[in-house]
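Note that the protein sequences, when read in sequence, are chains B and Y. Counting in this note's numbering, the first sequence runs from 16 upward without gaps. Counting in this note's numbering, the second sequence runs from 1086 upward without gaps.
If you're looking for bench data, these hints aren't it; they were derived computationally from the structure. Errors might be hidden in some of the hints.
What the hints assert, rightly or not - In silico DSSO-like links for lysine-lysine, alpha-carbon gap of 27 Å or less: (1) Y:K1839 to B:K104; (2) Y:K1839 to B:K108; (3) B:K108 to Y:K1856; (4) Y:K1646 to Y:K1683; (5) B:K108 to Y:K1937; (6) Y:K1937 to Y:K1856; (7) Y:K1329 to Y:K1344; (8) B:K104 to Y:K1937; (9) B:K102 to Y:K1937; (10) B:K104 to Y:K1566; (11) B:K143 to B:K108; (12) Y:K1937 to B:K113; (13) B:K108 to Y:K1566; (14) Y:K1566 to B:K146; (15) B:K102 to B:K146; (16) Y:K1839 to B:K102; (17) Y:K1839 to Y:K1937; (18) Y:K1856 to B:K113; (19) Y:K1856 to B:K102; (20) Y:K1725 to Y:K1708; (21) B:K108 to B:K186; (22) Y:K1839 to B:K113; (23) Y:K1776 to Y:K1795; (24) B:K143 to Y:K1566; (25) Y:K1708 to Y:K1695.
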Amino acid sequence: MSTSTAYAAHTGLAAARATGLNKVYGEGDTRVVALDNVSVSFGQGEFTAIMGPSGSGKSTLMHCMAGLDTVSSGSATIGDTELVGLKDKQLTKLRRDKIGFIFQAFNLLPTLTALENITLPMDIAGRKVDKPWLDRVVETVGLSGRLSHRPAQLSGGQQQRVACARALASKPEIIFADEPTGNLDSRSGAEILSFLRNSVRELGQTVVMVTHDPVAASYADRVVFLADGRIVDELANPTADSVLDRMRRFDAKGRTS
Amino acid sequence: MYRTALRNVLAHKGRLLMTALAVMLGTAFVAGTLVFSDTMGQAMSNSFSKSYSDVSVQVSDHRVGNLNHNDGAQTPDQKKRETLNDATLKDLTALPGVERARGVVYAFTGVADKKGNLVGEAWSARGANFVPDGSGQDPRYPIAQGRGPKTAGEVALNQQAADKTGYHVGDKIRVAGNGAAEDVTLVGVFTTDDPQVTSGGTLVLMDTATAQQRMLEPGRYSSIVLTAKPGTSESALLDAVRAKLPADSVSLETGQQLKDDQAKMVADSVKGTKTMLLVFAGISLFVGIFIIVNTFTMLIAQRLKELALLRAVGAGRAQVTKSVLVEALLIGVLSSAAGLLAGVGIGAGMQSLIHSMNEGMPTGSLVIAPVTVVTTVIVGIVVTVLSALFPAIRASRIPPVAAMSAGDLPSTQRGLVIRNAIGAVIAGGGIALILAGAFGKGAGARAMLEIGAPFTLIGVFVLLPLLSRPVVALVGPLLGKVFGTPGKLARLNAVRNPRRTASTAAALTIGLTLVTALTVIGSSVTTTVTKMVSGSMNADYVVSMANGHELSRDLPGLIAKANGVTAVSPVANVMWTVDGEDRAVTGLDAAAFDQLVKIDLNSGSTGALKQGQILVNDEYAAKHNVAQGSTVKIEVAEGKTADVTVGGVFQRNDSLSPIIAANALIDQYEPDAYVNEIMVKGANGPSAELKQSIKDATGRNPVIEVLTEKDMVDQFSRIITTALNIMYGLLGMAVIVAVLGVINTLAMSVFERKREIGMLRAIGLDRRGIKRMVRLESVVISVFGALVGVGLGVFLAWAATRVLSSDLKGLTTVIPYGSVLLFLALAALVGIVAALWPARRASRMDILSSIKTD
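Using the sequences provided together with the hints, build the complete structure.
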C-alpha cells in the first residue's frame, strides 16, 4: 500500500481534478443541488473509492469528472485537459482516448465476443491493439480460455472481468468504475476488486471507483466521503471496519439532523 | 383488462404510430380506389346517358359496325348484311310513331394540326354528317361560330379541337379518313355534349353527301336514329321497325338499351381498373401485416414484466390475449377511420388530377357508398386484429414468474427448427411446382406456375429468418472493412433477431419480387419481339393507320409510284374456314413477296404463291397433317368451297398467320379484303427521303404512319414501358408501407438497445458513429429484403417466360442487369431514408439515462 501512495507522491501529479464543481438540477421548487462546490483530485497510480449514502452525489461527481455529464459551474480536468466547455465531439474523443469505464451492469455488447468487446474502444478509435499488453491484460483478468465466448455464455463475474479488461486494454489515463461489484456475488466481487487493485499496483493504472460497499472501498488506497453533494471526509489506507465506522457516523448524523 | 389495453395504446402512442400509419395507408388505398371508381363510374354514366337523350331506337349497320368495335377481318356470314340507305331512311321516317329519323354517318376522320400532326388520339378522332333542319341548324350540333358545312370543301369542327389547334372559321385545315388527306375550309365551330368528343376527341362535320362519300359510300348510312312521337314507347317503335326490317340484317337498340349498354360498358371498364387498384391495395395491406406482427411482438417483449405481473396478480391467459387484441382493435378502428378519410381525399385528388390532365373527362360529386365505408373499416380492423393474434397468444404464454426475474430484457429466441421445416416444405413444394410448370407444356404448365408462385413466396417468407444470416454474411465483411466498427456492429445487429429482421425485410421482398418479375418479363418480351420483328421483314417500311383501321384501296398504287420504291404489297387479312375452323390468312402480292417478307421454308418455294397455291407454317402442317402438294378445302364464303394446293411449309413466324396466300387468290373470293398494312421496300433501304416520298404519295395524311421495323419495336416497347411505369407507381405504395416497417423496427431496436448505445457513447463512439451504425443496419436489412426479392422475382420471371414461350415463339428470359442493380441501389436508399429518424434519435440519446440500470 505504501508503494502506491509513494508512487502517487513520487509523481505528485493528479490524473483527474475537480475544482469548485457545482451541479444543479431543476429550477425553483424542484431545484436540487447534486454537487456543492466540490474540489477533489485523484492522483496518478492511485486507487480511490468515492463513498456516500445514496443521493449523496457520488455518481454525479464521477459522471461529471468522466465527461459523461455537464457541470453547472467549476472546473474538471483529466490530465491537463479541461473538460468544462468541451463540445460533445471533443468529449467523446477524450473519453475514447483517455478514460476507461466499468459499469455496474457490465454493459457488454451481446453480439460481440469477449475479445471483440475488450478491443472495442480501440476498434472505434481505429487504433492498433498493443498485442503484448492485451495478452497481459487478458491473462491478468483470467479470461484466456474464454475470449471467443459471447457475453451470454459467461457468468456475471466473467462478464465484469471482460468489462475490466476492456477498460484497461486501451491504457487510459484513468478508469472510472461505477459500482462495479453491485451486480455480483461476494466472491466474484472480491475477484474484481483484487484485480482492480492489482492493476493499480502492478500496472500503475489510476482507478476511481464509486461504491456504497465498505468492503469494496477497503480495497482502495483512499476513500473520499460525500454527503449532500459535499466532500465531508477522506480516509487513507482504509479497512472495511474503518470505512464502516465512518459510514455509521453519517447515519447517526443523518438521523439527528 | 379493457382499461389496461386503452392505457397501453395511449402509453405507447409513439411506438404504435408506424403501425397505425401502415394500416392507414393500406385502408386509404382501398377507400380511395372505391371512392374514385364509384365517382368516376357515376360521372361517366351520367354524361353518356345525356348524349342518348333524343334516341328512341337506333338502327345500325353491322358492316359499318358500332364504333366501339374494330372492324377487322370478316367471316363470310358478316358479308350479306343489308345496308342502310336513303330508301331505308324514307321507310323508317314513314313509320307511324316516328317523330324524326336521322341518317347518321359516323366514322374515323382525323384532323391535322398546324404542323401536320394528328390532333388527339386516333381512336377518338371522328367524322360525322351535319343534318340541317329547315333553318339550317342541326339540333344535335349547335353551331357556335360560322355556319354548318354545305359542300364537299367545307367542314365544321368541335369547339375543343378548334381551341386546341387554334383554328378559326375561314382557315384551311387538313382532314383525312382512310385514304388520302384533303384540304378543306373550316366554316363553323360547334359544341357538343358527346362524351367521346368532350373527353379529348375531335369531331369533323361534313354535309351528308360528302360524309357518305368520304367515310362510307354514296347513299349509305352507318346508323339511323329514330325519335319517337310523344306517346309512342321505345319498345313499340322497336317492334314497328323490326317488322319493317329483317332482324338479322341490322342491329336494333332502343335508347334505353343503349344507355344500359353504355352504363354496363362504363361499369366494366371502371371495374377492371378498380380490380387492379384493389390488388395493389391488397399488396400494401399484406405488407402492413408484417409491420403489425412485428410491432406487437416487440411491444409484448418490452412489456414482458408487465404482462407477467398481470398474470401474477390473477389475470387468466385468455384475459392477457384479449387485452392485446383489444389494443389491436383500437388501433384498427382508429387507423381505418383515418384511412377512410384519407381515402376520400385520395379519391377526390385522383378525380381532379384526371380532370386536370384531360378537361373533357366528366366530373361529378364524390360518391362515398356505404359499402366503401364498411369495407374499409372492416378490412382495417380484420387485418390489424388478425396480425396481432399470434403475438397475443404468445403473450398469454408468459409465465407469471417472469415478473420476478430481474435483469435484462429477455432474449426469447425460440428455435427456428419448426419454422424452417414448415418453410422448407412450402417453398420446396412451390419451387417444385414452378419447375414442373417451367419444363412442362400446355395449360397444365401455366396452372402449375400459378399455384406454385404463391406457395414459393409464402415458403420463402417463412424461411427468411434462416436466410438472413447467410445473405447478410455475404455483405458483412465489406461493411466492416469500409465502415469500421459501426459497420461491423450494424451487421451483427441486423442478424441479432432473425425473425424481426425477416419480417421487416419481407415487406420489401414482396415489392421487389413483383417489380423484378414484371421488369424481367417486360424486357424479355420486348427483346423477343424486337428479334421477331427484325427477323420477319425484308421490307423497309410498313404503312398503316394510326388507329389500326383499314387502309384505303388506292394507297398501294399511290405508294408504288413514289420515288425510290421498288416493291409494294398490301397485307390482306381474311378469315377463311379451313377444315371447319375459322383461320386467319395473310395475303401478300406474290411478285413482291420475297422482297418484303423473310421466311424460312422447310419445303416448297415462295414461287408457289404465283400459281395460286398457299404456304402453311410447320405447326399447322403438323397439326393438320398436310405437306407440300397436299390439297386443303377452304370455305371462302357460305356454301362456296375451293380446293387449294399447299405450295410449301415455312417455319412459324409470329408476325404472319399460319396460312399465307397470294392477294390474287384472295381477290378471287373476297375482292374487298381487309388491309391494315402495306409493306414497302426501297431501292436503298430505309431513309428519310424514302419515308418522305411515301408520305407525299399518301397525301401527307396525318393519320397514316410510315414506320420502320425499329419504329414499330419502339412503339411496342413504349407500351411495355408505360405499363411497367404504372405498376411501379402502384407498387410504390407498398414500398412506402415497407419503409414505415423499417422505421418501426429500427425505432424499436434503438429503444431496446438504449443501454448498449449509451455504453458505446461512453467508451467513445461519437454521434456520427452511432448514426452510421443505425443507418447501416437499416441498409443491411433493406438490401437483404431486396436481394431475396430480386432473386425470387428473376426466378418467377424465368419460369413465366418459359411457360409463355409456347405462345410467343423464341421467348427467352432477358435479365436487365442495369435495372436490377438500380432496384438494389434504391433499396439501399430506402434503408438510409428509413433510418433518418431512428438514427437521429439514437445519436441524441442521453448517455447517463441510457446506461442507468433500472
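Each hint tested on the structure:
no. : hint               : verdict
1   : Y:K1839 to B:K104  : 20 Å, holds
2   : Y:K1839 to B:K108  : 21 Å, holds
3   : B:K108 to Y:K1856  : 16 Å, holds
4   : Y:K1646 to Y:K1683 : 24 Å, holds
5   : B:K108 to Y:K1937  : 22 Å, holds
6   : Y:K1937 to Y:K1856 : 21 Å, holds
7   : Y:K1329 to Y:K1344 : 24 Å, holds
8   : B:K104 to Y:K1937  : 22 Å, holds
9   : B:K102 to Y:K1937  : 23 Å, holds
10  : B:K104 to Y:K1566  : 23 Å, holds
11  : B:K143 to B:K108   : 16 Å, holds
12  : Y:K1937 to B:K113  : 22 Å, holds
13  : B:K108 to Y:K1566  : 22 Å, holds
14  : Y:K1566 to B:K146  : 21 Å, holds
15  : B:K102 to B:K146   : 32 Å, violated
16  : Y:K1839 to B:K102  : 22 Å, holds
17  : Y:K1839 to Y:K1937 : 10 Å, holds
18  : Y:K1856 to B:K113  : 23 Å, holds
19  : Y:K1856 to B:K102  : 18 Å, holds
20  : Y:K1725 to Y:K1708 : 24 Å, holds
21  : B:K108 to B:K186   : 15 Å, holds
22  : Y:K1839 to B:K113  : 24 Å, holds
23  : Y:K1776 to Y:K1795 : 14 Å, holds
24  : B:K143 to Y:K1566  : 15 Å, holds
25  : Y:K1708 to Y:K1695 : 25 Å, holds
Of the numbered hints listed earlier, the single one contradicted by the structure is hint 15.
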